[in-house]
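> So the chains spell out like this:
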Amino acid sequence: MTDDVCGRCGEPYPPSARYCESCGHRVAGIAGATDSPGTAEHGTAEHGTTGPGSGATAPACRDCAGPVAADGYCLQCGGREADPRDHWSDEPAPGTGGVCDRGVRHTRNEDAMALYAAPDVRVLVVCDGVSSAPDSDRASLAAAVAARDHLAAVARTEPAAELDAGWSEALVAAVALAEQAVLDGVGEMAERREPPSCTFVASVVTATRVTTAWLGDSRAYWVPDDGPAQPLSTDDSWVEEMVAQGMARADAVASPHAHAITRWIGPDSGDAPPRVVETPLDTPGWVVLCSDGLWNYCPDVEAFTAVVREAVLGTEGGGTAGGGTAVAVADRLVRWATEQGGADNITVALARHPEPGAAPSDNLPLDASDPKEL
Amino acid sequence: MAVFTAEVFQNEYLAPGTTDVHAIVTLACTGAGGAGSTAAAGAGASGEAAAEIVMVDTSGSMTGASLAAAKHAATVALDQIVDGTWFAIVGGSHVAQRTFPYPNATMAMVPMEPGAREAAKQAVSLMSASGGTAMSTWLVLAAQLFDTLPDVRQKHAILLTDGKNESEPRERLSRAVESVTGRYQCDARGVGARWQVDELREIATALLGTVGLIATPDEIAADFERILARSMARGVPPADLRVWVPAGGEVLFVRQVSPTVEDLTHRRTPVNPLTGAYPTGAWGDESRDYHVAVRVPTRSVGTEQLAARVQLAVDDVVVASGLVKATWSDDDGLTARINREVAHYTGQAELASAIQDGLAAKAAGDVATATTRLGRAVLLAKETGNAEATTRLRRVVEIDDEDTGTVRLRRDAARLDEMALDTASTKTTRVRR
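In order, the protein sequences belong to chains A and B. Start counting the first sequence at 1; every next residue gets the next number (my numbering). Start counting the second sequence at 1; every next residue gets the next number (my numbering).
Keep in mind that a hint or two might mislead.
[Claimed, not checked] Simulated DEER-style distance windows between Cβ atoms:
1. A:Asp225 / B:Ile338: 56 to 64 Å
2. A:Pro67 / B:Gly132: 19 to 27 Å
3. A:Val253 / B:Asp331: 22 to 30 Å
4. B:Glu388 / A:Ala258: 51 to 59 Å
5. A:Gln340 / B:Arg340: 48 to 56 Å
6. A:Ala65 / B:Ile338: 45 to 53 Å
Since the hints were derived computationally from the structure, they do not count as laboratory data. Since this is a predicted model, take the numbers as computed values, not measurements. Every residue gets a Cβ at the ideal spot worked out from N, C-alpha and C, and that includes glycine.
If we strip away everything but chain A, and leave its shape as in the complex, we get (with noise of 0.2 Å):
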């Protein structure tokens, strides 16, 4: 870990720091999550997706975007000093895109994601912090970071024919550097009683299927353009091991325990290997990453494919060619779980399949897939 300096005073503060000791200015969240081991060779910095807050703007207040203080709060609202890790999209190709927000109801977003894009290989990860657990943000950063950072380093040393077998052992391998990155990440905070946490969910999307792997309740769906959409996940939680037990899921879903989870990421989470599903792909539609803040208003998979569906038609394009962009049908899910209470964060990431304009299954040099470059 580095020293790191207050962007606003320059003076330095130590990695477990969320305000500058000196100004009051808001320092956590974003450096030390991105600065992780996977992204030293920054391999994915050509796609833009380096996380939050990677674009340097003027402080400004989240409430009323008025000018904020050196103590971190609007002088005229007195709203907070909008954090990047409130709200950010990515959008590495235009099929490949995600929205992550703090939601209505929490001051803190703790979901996360991290995306990656080749025109042959997609990656979404998405991690949701647990909330119970302190810092679980910076956990939750991390471990997508470092996911996604294995995963995409595969895509490009890996000829695709080959990979195409074998993305569920990286996806085993990717799980293990996010464990070991949050690790890394909350340092001494590890000997919390609750230490930070998070679920993790990711999917690959190659020319032929999606491959993804699980811990916890945040979930992956194939939405094709026609029928139902499908669950690749299910979710690690109280309710699908009782359902599994053979209680009646109306039951275990009004249980007190309804929402704890039965495995996660994080230092005491036991080192639980993740589920992984490997799904063919052969009709046109979107893989669909969401944390809970989007689900828990359409648990089941009729009102899911529904939501998506609605929020897919309603993008430019939508009805056509499976809608508009990922990162507009992913804003339109986003608000609409808004609309519904944004009781908790919220976080969707889409891959369209098959990713529009790439050839259909070339292995391109590296250099040409950089869609900065084209």
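Since the structure of chain A is provided, determine the placement of chain B on it from the hints.
Below, chain B alone, put in the same frame as chain A:
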């Protein structure tokens, strides 16, 4: 170099739909240096001095032991005034007279040095008592003397009287107090039991000083020594308390609550549309507590915002800043809690007004109101742990039940004890931490 700190005590959690935020802000200063030493952060002018005026009652009622004691006290005061400090002595009756520098001197005030000190002591020894009492003339003369030193920012006076302001209508005193407010600070002292607490309190409150009762003339000198030592230790020129509230918000009240209760709400001067400044006078090495209450527009559950910035500004430079926050929550466990400091000082402020109301009612012959209000005071003194107030209340009322505030007025209560209770009513105790 003076160093300031600000500490905020509050419960920032608000129930949905609520708007009012209360906080106690503790401001502390260390390294203040001495008066005129320009130790303040951002103080520019070098060699700048302070100015001190001692006003002594020379009305006819002072004749005898009182005047002798007052003259002695004035010489003690002269010994306390640090060399280099501008000073003057004023004798006051129904008119005010400059005792030193002598009326025929060309300079209205002179810098203290050994020769001036001896000359002033000589002038004090020649003071004699005659005439009535019109304190407005004393206050105005002091202001005129201070005005001859436009570059000196720390101006402090002591006013000593033994009697009622009988030679002029009350409104004239009030008008004079108003006209000199902001031009200097003044501690007011009454000796004996024939002066009016409300008159001296009006002067001291407006002029950011203290009011005090001196029971017997032989205690004047020690009191003057304390007052001047404190004044000479104030190395930070008059500072402002600044309170910022967000757009759409309003200040409900701003009140100093320690060491004494002083309502500052109506002394606001605008700094900008969202910020007001309240005078706090000069600072030494000390700590003061302020109770700030603001009303902000309610926001949705989960929102955190700043409800007030409470700052101390010296020479328009902010030297300490406390952040008062508001976070709306639907967790009753968080929002129902009342902060200990806020509760303590809310009780102490009410204690001060209960004592003053009770004594005023007693003086007006309204036994029922006096009994109720002083009973309430007994209860509040107990609840907030103000043992000194309880001791003073006991001399004025018989306490039947401290826990319910059941009292009877003492028929034999001495006027001096009632005045002592009244004078000290605004003194607060701090929260035990």
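> Per the hint of 19 to 27 Å, is the separation of the Cβ atoms of A:Pro67 and B:Gly132 within bounds?
For A:Pro67 and B:Gly132 the Cβ distance comes to about 59 Å; the hint is violated.
> Using the C-beta atoms of A:Val253 and B:Asp331, is the stated range 22 to 30 Å upheld?
holds, 24 Å
> For the hint 48 to 56 Å, verify it against the beta carbon of A:Gln340 and that of B:Arg340.
Cβ of A:Gln340 to Cβ of B:Arg340: about 40 Å, so the range 48 to 56 Å is violated.
> Between A:Ala65 and B:Ile338, does the C-beta distance stay in 45 to 53 Å?
Since the Cβ atoms of A:Ala65 and B:Ile338 sit about 35 Å apart, the hinted range of 45 to 53 Å is violated.
> Given the hint of 51 to 59 Å, is the C-beta distance from B:Glu388 to A:Ala258 inside that range or not?
At 58 Å between Cβs, range holds.
> Please test the hint of 56 to 64 Å on the beta carbon pair from A:Asp225 and B:Ile338.
At 58 Å between Cβs, range holds.
Consistency with the previously given hints fails for numbers 2, 5, 6, ordered from lowest to highest.
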